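Novice: Start from the sequences, fold in the hints, and give me the full structure.
Chain by chain, the residues run as shown.
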Amino acid sequence: MATTSKQYKAIGEDIWKGRTEKTNAELFALTYGALVVQLIQDYEDYAEVNKQLEKMGYNIGIRLIEDFLARSSLGRCADFREVGEVVAKVGFKSFLNITPVVTHTAPPSRPNSTHQQGNVAGSSFVLTLDENPLAEFVELPEEALDGGLWFSNVLCGVIRGALEMVQMQVQAEFLSDVLRGDESTEIRVTLLKYLEEEVPVGDD
Amino acid sequence: MRPNIYDRNLNRTRTAEISASAFAFLFSEMVQYTQKRVSGINDLERRHVYFLSLSLSLTTHRLNTLGYRVGVRVLELMVWRAESSSKTPKREIRFLPALMSIHTQVWRAVFGRPADAIEKNMIIDNDPLLERHISVPRDFSTLSCSSFAAGIVEAVLDGLGFPARVTAHNTPTQQYPSRTTILIKLEQSVLEREQVLK
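Sequence order for the protein chains is A and B. Each residue of the first sequence is one higher than the one before, starting from 1 at the first, in the working numbering. Each residue of the second sequence is one higher than the one before, starting from 1001 at the first, in the working numbering.
To be clear, the hints were calculated from the coordinates, so they are not data collected in a lab. All of these numbers come straight from a predicted model, not from anything done at the bench. Incorrect hints may appear among the rest.
[Stated by the list, open to error] Incomplete in silico selection of chain A near chain B, CB under 8 Å:
no.	residue
1	Glu21
2	Lys22
3	Ala25
4	Phe28
5	Leu35
6	Val37
7	Gln38
8	Ile60
9	Phe95
10	Leu96
11	Pro133
12	Glu136
13	Phe137
All residues carry an ideal CB built from backbone N, CA and C; glycine is no exception.
Specialist: Below, the structure written as structure tokens:
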């Protein structure tokens, strides 16, 4: 990679310290909690709530990417591996002041594959969150656990929306969540395909 | 074995920060969700003045409710933290000191600075954090995103023993176009009690 993991970490810290207006994280956590409770009241079905949270995250992501690009001035990533590094060390750091651990997974191997390893559909990375600013004051009740609620599902939508705006179609989903009693909180992001840049009508 | 959430230090995240834009994006999406949930899809319907004013008041009410949920917890945290570090914990039983503490402590805890002004039954914010990144569509010009803040205030007052109806109003001035006034209408029982304590 042109830029190392350590360098991305430094870039993320730099942006957080110098180019980010900050606000109370507790208000953020409580507001998100109030929203999730509202969704549960509105939909009464946890699978639907998960879907709505993802959708809202998507709406946020497609706008958030601009803010991110403006503050980070980073160029295009060379491969999906680099995308993972940037999302974890620069993205999460500059918005939520956390740096999830990134674990990269090569796509399932195909015979006669001559593609560059990091750019094949099926490449994925897993983000492991040691802390989650959305879930600071949260304990899930039995029925939410039974119903399969992914409390922080908005994050998956944000990732999906933001990456779509930079021409990547991905699937982002929670694998585990400490709120559900799991060992760790993990989000897997899988590359489905690269999107063609749309050529504006009239351009020759 | 994961530590129990109830064993966590209450002061752990007291000064924790996230980016203002993360909050703005979340709040903006929350307002949009609230509006969508309330307003009809039929454009024709939306032009009916009655329907519009009804949907506005429903949206305001829902934002107020969201704020209320936050306010209940803001108060809990505030009281636990303030009183546990005080040598003489006390409880305000008069309205004006309670209003002062909202203007200063609650605003500082939630928005990072005290509110700008306070009057008999009003809290004034010249540049509300909540309005900063929201652009309200023309139809909804009387919608105040500070209904959320009004909900927080209502919850704090309820918790302190001063039930009231709290509403937010856009009161712009030349100097402060986003100026917002939070109006507190105390319940009759509180007004009577205040008289007795005079």
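Novice: Would you mind marking each hint as holding or not holding in the structure?
Specialist: Hints versus structure:
| no. | hint | in the structure |
| --- | --- | --- |
| 1 | Glu21 | 4 Å, holds |
| 2 | Lys22 | 4 Å, holds |
| 3 | Ala25 | 4 Å, holds |
| 4 | Phe28 | 5 Å, holds |
| 5 | Leu35 | 5 Å, holds |
| 6 | Val37 | 6 Å, holds |
| 7 | Gln38 | 6 Å, holds |
| 8 | Ile60 | 5 Å, holds |
| 9 | Phe95 | 4 Å, holds |
| 10 | Leu96 | 5 Å, holds |
| 11 | Pro133 | 6 Å, holds |
| 12 | Glu136 | 5 Å, holds |
| 13 | Phe137 | 7 Å, holds |
Every hint, counting from the list given before, is met by this structure.
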